[in-house]
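Construct the complete structure from the given sequences, taking the supplied hints into account.
The working numbering puts the sequence shown at residues 2 to 238.
None of these hints come from the bench; they were simulated from the model. Just so you know, these numbers come straight off a predicted model, no measurement behind them. Treat the hints with care, since some could be wrong.
[What the hints assert, rightly or not] Label pairs and their computed distance ranges (CB to CB): (1) Leu88 - Gln217: 26 to 36 Å; (2) Asn221 - Ala151: 29 to 39 Å; (3) Glu11 - Gly160: 35 to 45 Å; (4) Gly170 - Ala13: 29 to 39 Å; (5) Gly160 - Gly17: 41 to 51 Å; (6) Gly17 - Arg201: 37 to 47 Å; (7) Gly198 - Ala13: 19 to 29 Å; (8) Pro168 - Gly229: 37 to 47 Å; (9) Gly171 - Arg106: 20 to 30 Å.
Cβ coordinates follow ideal geometry from the N, Cα and C atoms, glycine included.
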Amino acid sequence: MSALLTDEDERAALMGRCGLPGRTIDVVISNPPYVPMDGRLGWQPHDGEALRSLPVTDLGVLGRSDALLERVATLRAAMMAAEDGGLDGLRFVREILTEAPRFARRVAWLQASYTSPLAVLDLLEQCDLSIDTLVAYATPFGSRATSPHAYLGEMRARGQAFFWSPPAGGASWMLLLGFSVRPGAPRPGFTWPSVRGALRGLLETFGDRGPGGLAQWSDNLPFELETGCYDTRSGTR
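See below:
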């Protein structure tokens with residue numbers, strides 16, 4: 002990703018292979034790794050100790066060999082790398098917003114509401130990008146994050162992450178955010194203070210009331226907003 006975005010020769014070669022030499026791309030779309038991670042979310046020594054303590058029958062026919070532990074650790078590391086968005090979840094988003102507008106008319110990407118959504122607005126303002134469309138769909142945390150890690154809770158306490166945990170327990174819910182932005186003059190009425198206030202209101206309403214709060218929230222926005230609910234466990238919208 003870094004080479005394709007930031008290296009002019011690599012980018013020109015890619016466009017040539019696609020039959021688009023010298024062309025400007027209409028839109029760059031990305032679903033980058035966006036989970037905020039610190040060292041506590043990576044593979045830890047006690048993970049290996051926990052595996053070694055399991056009975057052989059629980060590990061199947063492969064047994065408790067060091068080779069198996071190494072394979073599990075390698076797989077876990079690869080899975081984490083596919084999700085690791087850095088401490089604030091924005092390390093790839095930050096690069097995309099800096100580099101992609103140099104050759105694309107629009108940029109669109111997905112991230113979660115626990116991925117420093119208000120900090121994204123600062124990035125957009127710094128990069129002279131404005132929001133055209135924002136899609137915000139409520140969805141339960143993924144199967145490997147049925148209960149938020151303590152680090153995400155710390156981010157929520159600092160006002161960096163927004164998600165809803167039901168009082169009676171069960172899976173927490175996040176907003177899956179889809180941003181579509183473009184360089185140049187924003188729409189009439191677009192001001193960063195109003196946009197920040199509106200997005201904060203949406204996120205705080207969701208964090209307080211959960212998916213049901215989306216229908217109760219409204220504000221005048223200088224861009225298109227689509228909200229809804231998507232339950233990945235049942236496949237319903």
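Against the structure, the hints:
Restraint check, Leu88 to Gln217: a C-beta distance of roughly 33 Å satisfies the suggested window 26 to 36 Å. Our hint of 29 to 39 Å for Asn221 and Ala151 holds, since their Cβ atoms are close to 37 Å apart. Between Glu11 and Gly160, the C-beta spacing of about 38 Å keeps the proposed range 35 to 45 Å intact. Here the CB-CB span from Gly170 to Ala13 is close to 54 Å, at odds with the stated 29 to 39 Å.
Judged by the Cβ atoms, the range 41 to 51 Å given for Gly160 and Gly17 holds: they are separated by roughly 46 Å. Between Gly17 and Arg201 the Cβ separation comes to about 44 Å, which falls inside the hinted range of 37 to 47 Å. At roughly 42 Å, the beta-carbon separation of Gly198 and Ala13 lies outside the given 19 to 29 Å, and the hint is violated. A hinted range of 37 to 47 Å for the beta carbons of Pro168 and Gly229 is inconsistent with their spacing of about 23 Å.
Here the CB-CB span from Gly171 to Arg106 is close to 43 Å, at odds with the stated 20 to 30 Å.
Against the hints set out earlier in the document, violations occur for numbers 4, 7, 8, 9.
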